[in-house]
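Asker: Sequence:
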Amino acid sequence: MLGLLDVIWIFDLNTRPQKRKMYVCLSYEMGWFMRINTKDTPRPCVPISKGDNAFLHHDSHIECGILVLDEFEIDEAIRHGGIVGTVHERYKPTILSAQMGALFISKRDKEALRRILA
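Residue numbering for the sequence shown follows numbering that gives the first Met the number 0, starting at 0 and increasing by one per position.
Certain hints may be false.
[Said to hold, decoys possible] Below, in silico cross-link-like pairs of lysine to aspartate or glutamate (DMTMM-like), each with a Cα-Cα straight-line distance of 20 Å or less: (1) Lys18 to Asp69; (2) Lys38 to Asp58; (3) Lys38 to Asp11; (4) Lys49 to Asp39; (5) Lys91 to Asp108; (6) Lys20 to Asp74; (7) Lys91 to Asp58; (8) Lys91 to Asp5.
In case anyone wonders, no lab produced these hints; they're calculated from the structure.
Computed from a predicted model, the values in this text were never measured in an experiment.
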């Protein structure tokens, strides 16, 4: 099972072109994830460095919106690629701050994020 800030590869059907992307686990139970991108879009994004996160190929950005993934998709990704790494915990306060400022995240979800990232 995945823990907080563990990273897996997911084949992302929403990118153009469709491709494998790294996803960061917020809550396996809730299916909540964040996407890792090369560029700082869409916002809000938090920059993360390769120096703090050896699994990265280069400095990147965590897209701080909540993406909901199906349990089957998550388990298949783990079975095929395993857990590639874990985002350094020093980014938790910055991620939480970005999420608290996001207008598209509900108050209820923000309360859950506070508990998760505390």
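Asker: Run every hint past the structure and note whether it holds.
Answerer: Hints, one by one, checked against the model:
no. : hint            : verdict
1   : Lys18 to Asp69  : 18 Å, holds
2   : Lys38 to Asp58  : 9 Å, holds
3   : Lys38 to Asp11  : 16 Å, holds
4   : Lys49 to Asp39  : 15 Å, holds
5   : Lys91 to Asp108 : 16 Å, holds
6   : Lys20 to Asp74  : 15 Å, holds
7   : Lys91 to Asp58  : 17 Å, holds
8   : Lys91 to Asp5   : 12 Å, holds
Going down the numbered hints, you'll see the structure goes against none, and every one checks out.
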